[in-house]
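Visitor: Starting from the known structure of chain X, arrange chain C on it as the hints suggest.
One letter stands for each residue in the lines below.
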Amino acid sequence: EAGVAQSPRYKIIEKRQSVAFWCNPISGHATLYWYQQILGQGPKLLIQFQNNGVVDDSQLPKDRFSAERLKGVDSTLKIQPAKLEDSAVYLCASSLISWNPGELFFGEGSRLTVL
Amino acid sequence: AQTVTQSQPEMSVQEAETVTLSCTYDTSESDYYLFWYKQPPSRQMILVIRQEAYKQQNATENRFSVNFQKAAKSFSLKISDSQLGDAAMYFCAYGDPNRDDKIIFGKGTRLHILP
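So the protein lines, in turn, are chains X and C. Per my numbering, the first sequence starts with residue 1, numbered consecutively. Per my numbering, the second sequence starts with residue 116, numbered consecutively.
Because the hints were derived from the structure by calculation, they are not lab data. Cβ atoms here follow ideal geometry from the backbone N, Cα and C, with glycine treated the same way. Be careful, since some hints might not be right.
Pair by pair, the computed Cβ-Cβ distance ranges are [what the hints assert, rightly or not]: (1) C:Ser157 / X:Ala2: 13 to 21 Å; (2) C:Lys193 / X:Lys44: 22 to 30 Å; (3) C:Ala186 / X:Arg16: 14 to 22 Å; (4) C:Pro212 / X:Gln59: 17 to 25 Å; (5) C:Thr135 / X:Ser7: 19 to 27 Å; (6) X:Gly53 / C:Ala116: 20 to 28 Å.
Same shape as in the complex, but just chain X (with noise of 0.2 Å):
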């Protein structure tokens, strides 16, 4: 079974420039999370779908953070535009929300630095 895919592994950008990540979650996962990970601390929720619909973004910082996931599947996270402070990793997850509750499963994450 395929894993949780991320790209780019590795991203270094200007302030004030725009990124995008990009998620393909385990096929047939229902849930798909994106979490801001600062280096030292532990992952923070910043959007969760439920197939199409946004099910939890309270902490996405809307001013420049956007995500979707179209069709269900496959997500989008988008800074525009970056700050400092965006510097992390952008761990994305799924899961199978009926089965196993809670068992996340991990992408390999997006590093970002912002110069």
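Guide: Only chain C this time, still in chain X's reference frame:
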């Protein structure tokens, strides 16, 4: 709002010894899940063990076991016969099945295994 607190930023244990990682949480819910996730260096985060709040029996997975104290809102992880491959960041996490499986994480404990 639910919170998860890990008060030990780093811990070390001798190979083959036993170590306990601490976690406390705060919630007003009676139905929830607790988890320990492992994040090895430069690798994906994976689920180590899960505990349902309605179960009194502590969960066990091979060398990993938990001490779940619901009244005290405490959830510690015990690793027996520590191995070099256990070196990682360990995150305690809380899940709310009544909120579409929203999962929140603590800040993590970095575990070092001494040969």
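Visitor: For each hint, tell me whether it holds in the structure or not.
Guide: A quick look at each hint next to the structure:
no. : hint                           : verdict
1   : C:Ser157 / X:Ala2: 13 to 21 Å  : holds, 20 Å
2   : C:Lys193 / X:Lys44: 22 to 30 Å : holds, 27 Å
3   : C:Ala186 / X:Arg16: 14 to 22 Å : violated, 51 Å
4   : C:Pro212 / X:Gln59: 17 to 25 Å : holds, 20 Å
5   : C:Thr135 / X:Ser7: 19 to 27 Å  : violated, 38 Å
6   : X:Gly53 / C:Ala116: 20 to 28 Å : holds, 22 Å
Going down the numbered hints, you'll see the structure goes against 3, 5, while the others check out.
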